[in-house]
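Visitor: Protein chains in written order, with our numbering: chain A, 1 to 326; chain B, 1 to 379.
Simulated from the structure, these hints should not be mistaken for laboratory data. Since the model is a prediction, treat every value here as computed from it, not as a measurement. The reader is advised that the hints may include incorrect statements.
[To be verified] Derived pair list, reagent style DMTMM-like, types lysine to aspartate or glutamate, alpha-carbon separation capped at 25 Å: (1) A:LYS102 / B:GLU347; (2) A:LYS25 / B:ASP168; (3) A:LYS25 / B:GLU260; (4) A:LYS102 / B:ASP133; (5) B:LYS305 / B:ASP323; (6) A:LYS102 / B:GLU355; (7) A:LYS216 / A:GLU228; (8) A:LYS18 / B:GLU355; (9) B:LYS296 / B:ASP320; (10) A:LYS25 / B:GLU355; (11) A:LYS102 / B:ASP138; (12) A:LYS102 / B:ASP350; (13) A:LYS25 / B:ASP138; (14) A:LYS25 / B:GLU101; (15) A:LYS102 / B:ASP121; (16) A:LYS182 / A:ASP204; (17) A:LYS216 / A:ASP312; (18) A:LYS102 / B:GLU366; (19) A:LYS25 / B:GLU171; (20) A:LYS102 / B:ASP315; (21) A:LYS48 / B:ASP168; (22) B:LYS305 / B:ASP281; (23) A:LYS216 / A:GLU307; (24) A:LYS18 / B:ASP168.
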Amino acid sequence: MSTETLTIGKALNVGLRKALEDDPKVVLMGEDIGRLGGVFRITDGLQKDFGEARVVDTPLAEAGILGTAVGLAMRGYRPVCEIQFDGFVFPAYNQIVTQVAKIHARSRGRLPMPIVIRIPFGGGIGAVEHHSESPEAYFAHTAGLKVVAVSNPVDAYWGIQQAVAHPDPIVFLEPKRRYWEKAEVDRAATPGPLFASRVVRGGDDLTLLAYGPMVKTALQAAQVAAEEGRSVEVVDLRTLSPLDLEPVFESVRRTGRCIVVHEAPVSLGLGAEIAARVTETCFHSLEAPVLRVGGYDTPYPPSKLEEEYLPDLDRVLDAVDRSMGF
Amino acid sequence: MSALQQTTEVVDPVPGADAPHLPGQPDLVQLLTPEGERVEHPDYSLDVPDEELRGLYRDLALVRRWDVEATALQRQGELGIWASLLGQEAAQVGAGRALAEGDMAFPTYREHGVAWTRGVDPLHVMSLFRGVDMGGWDPVATRFNLYTVVIGAQCLHATGYAMGLQRDGAENATLAFLGDGATSQGEVNEALIWAATFAAPVVFFCQNNQYAISVPIERQSRVPLFQRAAGFGFPGVRVDGNDVLAVLAVTRAALAAAREGQGPTFIEAFTYRMGAHTTSDDPTRYRLASELEEWKLRDPIARLKAHLARSGIADSAFFDEVDAEGDELAARIRSGTLEMPDPAGTEIFDHVYAEQTPPLAAQRAEFVAYHASFEGVEQ
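Use the sequences and the hints to build the structure in full.
Guide: Below, the structure is given as structure tokens:
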């Protein structure tokens, strides 16, 4: 039986196990990922089965994780680095932006950097500061990196394996509050491409774009909108760099309306870039300006306020109303 | 005297000396005095055949000739900038010649002398400073990484590469270059921690040239740099960085220990940047001319020349030959630099990714079309 019900977390665990089995050059590195199995247990049991040289409990220093991953990649290894929480990636930011992203170009292709940087991202878990952020725009803005965000167990299972096998560095964003969401995963299926967006619900009146944890919210909003007689198409962007916007353009040309949803602050976020692209490409099809629903331009708030900060069903539906009102 | 000054004096590496950067410390490993006298050291013996000694002199002289020519080319507007190694030739050549073929070096942006020992074509370094590329040599074939400009970042790369060597069971080591200023970087300290906890086969080779651009070593450290290694749990050694023989001996020993599984060593090569930080810098604003004059008496090339001449290992014909070779090299570097074609504009798109992305391919096509639109247009 190749089909089983997996959570996103377990799908990542099984996918990483497969990646370790498939390629002896794959090395997992991170804080507490070995004996503990990671604070979210994504690497549970892997050190026991693959040993300490392949599932490495590192010292507590994120720049050290990424910097040594660069050296291992130069030596022909494929490091998969776990950053424990989104807000802790910044000590490694220098290595990611000045080294990981640029070494392929610097060396004119002589030094590939097949590094995966796994980051549990986003809020909604009632955490303290630095544990709920959405740093994707920093990385999507950096040439040389690729950025993907998974939203479901199927993409988690296949996506992590595709990312590990890919020759370029990938920031792999995991929707931490959805780690426990379940779905059927067919491990004998043929996966779709990693760098492709996907229409996850068809509709005719409006195109709703989301990625990572907001895909579920967008689908819920589309369901409620349908009950109100509005047909909302939902696209899971899946890849944030490069963006795969052809399916989005195709959709917007039909619906004439577009909303982008993400948890990150709206100013200069992914939604801003997507709104510009959609406007440039679909200008004559648009019935309304592209709207953005996202976090406010504030630091991520204390957890008692995060429900006010995060886009939810009501805020997405409010944007749908505004778009339809033009 | 304040408490701070008192404490500083206690840890001063040169008790009694007016300036802590002057040599003469009991801890300094030296095999060749500034006067060119060969001396022995209890821990570091070195038996170098005459031919190799002459080869080291040739390395030092040619690297300096290259450096002089590059500085001139920058002054003439042919290079955007040049980071001179003047005064640090012995540290770099000694360290570079200690490497085995399978070892991997991770330079900063000043290691032209190490590049030379790895067989890197000087023109492939010149192209970087001319703005043609980011370094034209093949880091895999030469086992000499591309220059890393962000201070200290390469120390982690060298450590990670060494961890790869461990996993491969390779009997090789890495040599990470850094300067005195880099020792203040968090990433360098992380590299030292990583190297220690994984017993990685990496040697940290710190050229203490006394200044991080303008800021003196006293502003980077309250202890001699080599002593920091003890806090990380591995050996540190201070070597006379202007003594190519001592540098060779100390680095060879450290690399051998690393290859044998004994883990990292931190080498502080005590030297002096006789030139400016780069051609954009003006050292007269932050240091006294008298200091430079003192260090000229410890010139790394003069002392080896004195030793070779006094001991009869080389005669004036040999020195003349090397001078002539230097002039030929300089002429080749000059003409090669002037003849470098500008890169094609599309180069900026072509190596960002191993697997090109559709959006970047589209930008490239727009770029090509935009420039093609000017073809045939009268300027």
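Visitor: Work down the list of hints and note, for each, if the structure agrees.
Guide: Hint by hint, here is what the structure shows:
Using a Cα cut-off of 25 Å, the hinted pair A:LYS102 and B:GLU347 holds, with the two alpha carbons roughly 14 Å apart. With a CA separation close to 10 Å, the supplied pair A:LYS25 and B:ASP168 stays within the 25 Å bound. A hinted pair counts as satisfied when its Cα atoms are at most 25 Å apart, and A:LYS25 with B:GLU260 qualifies at roughly 23 Å. The suggested pairing of A:LYS102 with B:ASP133 holds, with an alpha-carbon distance near 13 Å, which does not exceed 25 Å.
At roughly 12 Å between alpha-carbon atoms, B:LYS305 and B:ASP323 fall within 25 Å of each other, so this suggested pair holds. A distance of roughly 14 Å separates the Cα atoms of A:LYS102 and B:GLU355; the hinted pair therefore holds under the 25 Å criterion. With a CA separation close to 19 Å, the supplied pair A:LYS216 and A:GLU228 stays within the 25 Å bound. For the hint pairing A:LYS18 with B:GLU355, the CA-to-CA distance comes to about 23 Å; that is within 25 Å, so the pair holds.
Restraint check for B:LYS296 and B:ASP320: the C-alpha separation of about 22 Å stays at or below 25 Å, so the hint holds. Between A:LYS25 and B:GLU355 the CA atoms are separated by roughly 20 Å; this keeps the pair inside 25 Å, and the hint holds. Of the supplied pair hints, the one linking A:LYS102 and B:ASP138 holds, its CA atoms being roughly 16 Å apart against a limit of 25 Å. This hinted pair checks out: A:LYS102 and B:ASP350 have alpha carbons roughly 13 Å apart, not beyond 25 Å.
Simply put, A:LYS25 and B:ASP138 have alpha-carbon atoms about 23 Å apart, close enough for the 25 Å limit, and the pair holds. Our distance criterion of 25 Å between C-alpha atoms is met by A:LYS25 and B:GLU101, whose separation comes to about 24 Å. Distance restraint check for A:LYS102 and B:ASP121: the Cα-Cα separation of roughly 23 Å lies within the 25 Å cut-off, and the hinted pair is therefore satisfied. Note on A:LYS182 and A:ASP204: the hinted pairing is violated, with a Cα-Cα distance of about 28 Å set against a maximum of 25 Å.
Of the supplied pair hints, the one linking A:LYS216 and A:ASP312 holds, its CA atoms being roughly 10 Å apart against a limit of 25 Å. At roughly 23 Å between alpha-carbon atoms, A:LYS102 and B:GLU366 fall within 25 Å of each other, so this suggested pair holds. Taking the CA atoms of A:LYS25 and B:GLU171, the gap is near 19 Å; set against the 25 Å cutoff, the hint holds. About 49 Å separates the Cα atoms of A:LYS102 and B:ASP315, which puts this hinted pair outside 25 Å; it is violated.
The suggested pairing of A:LYS48 with B:ASP168 holds, with an alpha-carbon distance near 21 Å, which does not exceed 25 Å. A distance of roughly 30 Å separates the Cα atoms of B:LYS305 and B:ASP281; the hinted pair therefore is violated under the 25 Å criterion. Between A:LYS216 and A:GLU307, the direct Cα distance comes to roughly 16 Å. Compliance with the 25 Å bound is thereby established for this hinted pair. Taking the CA atoms of A:LYS18 and B:ASP168, the gap is about 22 Å. The hint holds against a cut of 25 Å.
The structure fails to meet hints 16, 20 and 22 from the earlier list, while all remaining hints are met.
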